[in-house]
Each structure stands twice: as structure tokens, then as C-alpha cells.
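Those protein sequences? They're chains B and U, same order as listed. Residues 530 to 658 (our numbering) are what the first sequence spells out, left to right. Residues 140 to 499 (our numbering) are what the second sequence spells out, left to right.
Honestly, the hints are just simulated from the structure, not real lab data. Do not rely on the hints blindly, as some may be mistaken.
Some chain B residues flagged as far from chain U (calculated, every beta-carbon gap over 12 Å) [said to hold, decoys possible]:
no. : residue
1   : Asn532
2   : Asn535
3   : Val540
4   : Val571
5   : Gly577
6   : Lys579
7   : Ala595
8   : Gly608
9   : Asp623
10  : Asp635
11  : Ala646
12  : Ala647
13  : Ala648
14  : Gln650
15  : Ser655
Taking lysine-lysine pairs in the DSS-like style, the calculated list, with each CA pair at most 30 Å apart, reads [unchecked claim]:
no. : chain 1 : residue 1 : chain 2 : residue 2
16  : U       : Lys418    : U       : Lys260
17  : U       : Lys279    : B       : Lys619
18  : B       : Lys619    : U       : Lys358
As the structure is a prediction and not an experimental result, all values here were calculated from the model. The C-beta atom is built at its ideal place from N, Cα and C for all residues, glycine as well.
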Amino acid sequence: MSNPANLKYTVSHEWVKSEADGTITVGITQHAQELLGDMVFVESPEIGRKLKAKEECAVVESVKAAASIYAPVSGVVTGFNDGLTNEPEKINADPFGAWIFKMKPDNAADVAALMDAAAYQKHVDSEAH
Amino acid sequence: MTLQTTPLNAAHRAMGAKMVDFGGWDMPLHYGSQLEEHNQVRTDAGMFDVSHMRVVDFRGEGVRDFLRYLLANNVDKLQSTGKALYSCMLNPEGGVIDDLIVYFINDTMFRMVVNAGTAEKDIAWMKEQAATHAPKLEIKPRLELAMIAVQGPKATERLWNAMPGLRNLAENLKPFSAVELGTMFVARTGYTGEDGFEIMLPTQAAPFFWESLSKAGVKPIGLGARDTLRLEAGMNLYGHDMDETINPLEAGLAWTVDLKSERDFIGKAALLANPPARKLAGLVLQDRGVMRDHQVIKSSHGDGEITSGSFSPTLNQSIALARIPVAVQVGDTVQVVVRDKLLNAKVVKYPFVRNGKSLV
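Just chain U, with the same shape it has in the complex (with noise of 0.2 Å):
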């Protein structure tokens, strides 16, 4: 099978990038080390090409309801536009779909990004459900649009440096909110727990934007980096943290499910009908070793097993996200299986990490 590629393959190779097929895409995992570039992220300010991520425009009349209707959180909580909202998207057994962050633009506009993997199957399933409750709603990928994320205390800076024009109107964004600048959207929002950018840009601009990115000292990083990087951020990972068969209550998501309101969703039932047995928490390790996905958590509770598991390079320890049974507390040792051994680990809550700084 050929690999699908974004507009900045040719500048990854340009830059020394250790290219690797990710879930179909010739994605970069590091131009170097791996650890280099997460330090870069968490001290000064970093790259990421996420356009292998879909985006996905939603037009016409009715288009709030058709929402309020396709995901767990609500959107009624978006009134000004630009404002962005994380949300699952699920099937009628609760099991998540996707997660993606939704934006509002206009009383007859919504845009969404989408994970890159699930994109086909998120957009059978939406055109699917419009076809019942929305008939006349447009959906439509943008296949046009690259997006490009710049991330670290010090993107802002270098962002100005790379892109004057920018700085009027993006500065005095919020966090989870955007604006469009001519055929530029620019979203204060990101995947690593430091201030910074999702940018997205017609395909064809693409590889200059990355190449005044990169004249203004914004360092590129590569797959590997960005999943240690949101480890240390607590935040989830599709198909590692939760699935089709896992709800968002058990995936450390019930922030983002709103069952308080009148308002009826798909999965709603089922996540009323089934309180939770397990759920998500972090875990740092106390011995030596590495915590890695799916290695079994055994407690005084019951067992449980490790969704998301790796090195964090600023704890310089191992943290893992794990799956374990609810009565579990906080302050609890468990131990992971690592090969033949049992390790000791912390339950703790998180994210592990915010700006820069250990939170555990």
C-alpha cells in the first residue's frame, strides 16, 4: 500500500526526519532524538505537522442541533465564535468513536478536527446520522487545509517573529478559541500542556509557513516527542486510552460528557444505564524500569492494565495512564507487571505535567 503524505514530507526528509508509517501516513517519529525535541517543547518552542488530522466542515441550517444531538458534550457551551470545545463522539453503547475538538463559527457553521485514523469511518458515521436528523446539513472534508501546530512557552514570540501579520489578531486569543485570518485559521490550542498554536493553511502555503516556522528558531518534532508530550500532559490517546468499547466515564472523560442537561445524545442512555467499574488514572513508577501499554496493574481491588505507558522525560521517571477498578484511591501503590517482575507505582492524579512544571 503507498503511504499517504502531507504537503511537508519533502521538508521532514529535508530536516533529517527518521520517517515511519503511521497508521498509513509517512509521518516523521524524530529528526534526531526523541528526547531533544520534547525538552525543546517544554523549554522554548516546537513544530508539529498534524496534517494527517482531518478537519472537517459542517454547513447549513440546524447544524447546532445536529451536534448537540452527534456528541457527549454539549454545544450550547460554544456562543462566540472561535470558541472550540473537546468532545467525544459515540456510538449508541457509549463506546467513543473518535474524540475531536469542535469549533463554532456561525449559526450555520461548525468546524471539527478529527483524529487521522478514524477519519474515514467518523465521517461514514456523521453523513450516516445526518441523513436521518439533518438531511439537508452539509458535511465536507477539507482535504485542502494542512495544520500545522507550534508549541512551548516560547511559541508566541517566535510565532510573531515568523509571521508578523499574525500577531494583531491572534494574540489576544484565549485558550480553546480561534479566528480565521483570510484562508488561516489559528487556534490557541494544542496536544502537549504548553500555550501555543494549531494552525491550519491552505496545503500549498504549507511549506512555506514551516520554513519561516523554522528561520525563527521553532524546532521540528516528530511523533515520538508529541505522544510523550501529552503522556506528560494527561491527555488521552485514541485507540490507546479509550475505544469503540470503552466510554468516556471509563476513560477519565466524564469532564467532557454532559448528562446534566434535558438534552439527549447518542450514548446517552447507555452511559446512564452503566455506572463504570473501572477508570482512568495516572501512575508513576517508584522503581526502575518503563511502564509500556497494555502490561497488567495488579491491586487489592482487582486487576487493571496500562493504556498509555512510557518515559517521561521531565519527571526522568516512568508514568504511565492505566485502567483500573474504581475503589483504587489516589495515594495507592499498585504493581505493574513489567516481564517477569512486579514494580511498584503511585496512583496519582493528573496531568503529570503543565507548563513546564511537575504536578505529581
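Bound-form chain B, shown alone (with noise of 0.2 Å):
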């Protein structure tokens, strides 16, 4: 599976999405769900909380570990992904379309600066060697 070109990217394998609203939906990388394997466990940040890029936000735990999932920008969070509790397992079905939870981003400047499909890519090959 590809990297969507339409997203981008973060060094710690979340995909950020531009929504028409103004606000981004992040999610995980078809890379990282493969390490991490069967989902069993999605911890979701709570809305309204103010995020620093790179600051720990949010948990997904597989059979196998947890993993840490980072805000890709500065911004507030104004929603998360219900149907992932009950089905995180949609993280592996879907990893692109199972976005976790929402932000308002205070720059929109920010979420250009980030890493593209092709930038992402190299990244994930570099992790590789």
C-alpha cells in the first residue's frame, strides 16, 4: 500500500490530513501499523486539550506493544474517532481512512511544512538500513 499523496507526514509515522474546515485528521501510517501489528487498544486525546508539535497525545496498543502517538503540529483537539474503541482493528483494515482524532492547528503553516508522500517514504526506507 501506498502513502496517499493528498496527506502528509511525520518522522514518528503519523499521517495528518487537511480537512475543507480548516482542521487536520492525523492518523497512522500503513508503515507503523504493520510493526505494530493487531490493534486491541485505542487511548484518544480528550477535546480541547492544547497539543505542542511532538508532544505525546495519544496511545495505540497492539497485541504485541503500546505505542505513542505524537501531535504532528501545535493546535487544540476538537474530535476523535468513536468507532475505534469498539473496532480498533480498522487501524490494520484501513490505516488511512481510520483517522484517530482531530485538530485546529494554530498555523496552517505548520501542517505545509511537514513531510510528503515521497519525503515520508525515503524516511521509512532510511529506518529500514
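Put the complex together from the two separate chains, hints included.
Listed below in C-alpha cells is the structure:
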């Protein structure tokens, strides 16, 4: 599965999608879900929480391990994906569709400055060596 | 360092395994989904490559007397050919050097299966003890043997389909006993809480046997599911639930230690002198989340620690084995420190799952 070109990416393997209303949705990449394996638990950040870029703000747990999710940019949490509470395995089935939380960035330019799909793929390849 | 490989390494890769470094061995973690593999063993049949575990044969006069002294469980419980016994091997302080299975073959031969990661130190220790207590005893690691476990409610049926020749001799094997069939050694043992067999065979025969099992509908199972299966079955894992600093009485293994007979064994004096302050207990998480190894347990009687924690696919919630103060009772609620939160967990009797059914 290739990394969709319309998304932005972080070094900690989150993807970021810009929505029409100026918010962003955040999930974890195909590469991240593959490393973690079968998901069994998602802990989302509370709505209204102010986040700094790279702050630890959510947790996904697979059968194998727990992994932290980091805020891709600074901003405020505006929502989380309720559907993952009972079906965390959606992250495995559709990583780029199963968003985990939504936030309103402080600066839209911070989102634009994140990696694009090609740069992220280079990052993944470099970690493999 | 080059990883050690089993004779099934190519077969694992051909089946799409995600391979990992497991204590120096290149082993399959899963073949796609750990959860599906777990459920496969609980509902049908799965096969595990456990060739990294070490078979050690003991031959010579006085072998029984030596093992009576070497092991915490009493090999005198083994009186018929093929009978198996689970035991710890202790150091003089009562700490667990390894846990193992020992098989009685005849008056001058016993067979042992020890853990992969501890095999070298085990053999060094056994040879050192034999040098003073049974100098003529032969202690022979059987590196030319592979081992495949077939486990699950349909394990027997599928095994007979794969290897019709095994059926006659292995069909009536009682749990925890084994039979030799030519170059094969078939034991009704396992590490999953399900019926099944562990089969030792020459390394060159292992790929064909694996392939035959696969054709009979037995799915390959990786180390990931092996761990959740054994945890649900309430079976200890060496290096997690006990090690050289923990004695078996603190690891839920009092049932494997024979303190009643007059027999002396290595570690006995230490066990008698030090009544345990802690015990191993089962935990079922009441809140959402997953318990993991080394998380701290808070109780009204003091702190404890999770020794094996994971998500239980059968119970669909998190379970754990934890070392806690002896005063904590089954039915009590304790708190688990998970990141910055305190989550509630109930203390239960384990095993959690046996033969596919929840026991908690």
C-alpha cells in the first residue's frame, strides 16, 4: 500500500489530512500499523486539549506493544474517532481511513511544512537500514 | 552476530513470516495476523516450530539418582516409559536456572527439553554437577533434532491425516507422556492449554513433516501467538515470570517442587529457610487498556509487578501474571500503573483459558 499523495507525514509515522473546515485529521501510516500488528486498544486525547508539536497525545496498543502518537503540529484537539473504541482493528484494515483524532492547528503553515509522501517514503526506507 | 536458524527457516519465509531475532534465533513472529493465529489454535489446529529448544539426553547408570538431586520436582514420579514431568532446575539459593520437561525412557536413559535461551548455561551447570555426583553420566545435546508442536482441538485429527502412520502408536498417548517411533519422538505435551503433540524428529525430515501438516490444514503459528496462548493457559515463561533471582514458590510453581519427601535436591535448603513473601497471581483488567510486563501493581498490602501482561484474544480483555504480596487474595481489586493512570484489575485464579473455554 503506497502512501497517499494528498496527505502529509511525520517522522514518528503519523499521517495528517487537511480538511475543508481548516482542521486536520491524524492517523498512523500503513508502515506503522504493519510494525505494530493487530490493534486492540486506542486511547484518544480529550477534546479541547492544547497540544504542542511532537507532544505525546494518544496511545495505540496492539497485542504486541503500546505505541505513542505525537501531535504533528501545535493546536487544539477538536474530536476523536469514536468508532475505534470498539473496532481498533480498523487501523489495520484501513490505516489511511481510520483517523484517530482531529485538531485545529495554530498555524496552517506548520502543516504545509510536514513531509510529503515521497519524503516520508525515503524516511521509512532509511529507518529500515 | 549471525542469527541461528532452524531447519524450517526457508519454510517460514515461503509462508510469509515476519521474522525476528528471538534470543539469537531467527524465528517467525507471525505469518500475517497474531490474533488469527491465536484463534486458529483455540478453535482448530496450529503448528509451531520449536526447534530452537534444546533436547538433551542423559545416559548411564545412576541417571535417576542424579536427576533426583538436580531437579526440584521428583523424577521418582516417572515410573513408566515415556512419562513426562515438568520441573525447575534450581541454583543453591533456590533461584530458577531453567524450567524444563524431563522424560523417562529407561533405567539408564532420560531425555530433557530445555529453553533455547538458557540451553548453554543449563548444559554447563548440569555437566558441572555431574562431574561431582555422576562422573560417568553422558550428557548429550541433540542438535540434530528438530521439534514441531501441533496444538488445538483438531490437532490429533489433522495429525493423523498428515501422518497416518503415527496414529496407531500415538492415538492412546495420555497427556504428559511420549512414545518413540523410529527416529521420531512424539509427546502429548504443549504450551497452549489445548490438546496436541510436541514431536521431535531429525532436522532433515522437518521440512517434509511441516509441509504435510500444512497440507492437512494445520496453520503455522508464530511466537507472538505462542505467547498469548501460553499466558491464557497460565503457563510461566522463563525470563519473565521467573529467573535465577526468583524461587519457584514465588513464581506459582510450588506444585512442581517436592518438599515432602526425604530427598535432597539443589536449592531445597534455601526454599525451606525462606518462606515466600510474594506469590504469582492472575489479573484481569477491569478498565480499558492493556497490561504489560514490568508495570507496577499497587495493593493495600504493598506493591507488586507484572511479569507477563498482554491482551487476551479469547477473553477480549487484558490479562496478566503478576508477582504480588502473599496477603493479596483472589477476588481483591488492585491497581495497575499504566503510563500516568491507575487502572483497576481483579485478582483471579489462573489458568484463564483451558481447552478453548474461559475459566475466569
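- Ascending list of hint numbers which this structure does not respect: Numbers 4, 7, 17 - these are the hints that the structure violates, sorted from lowest upward.
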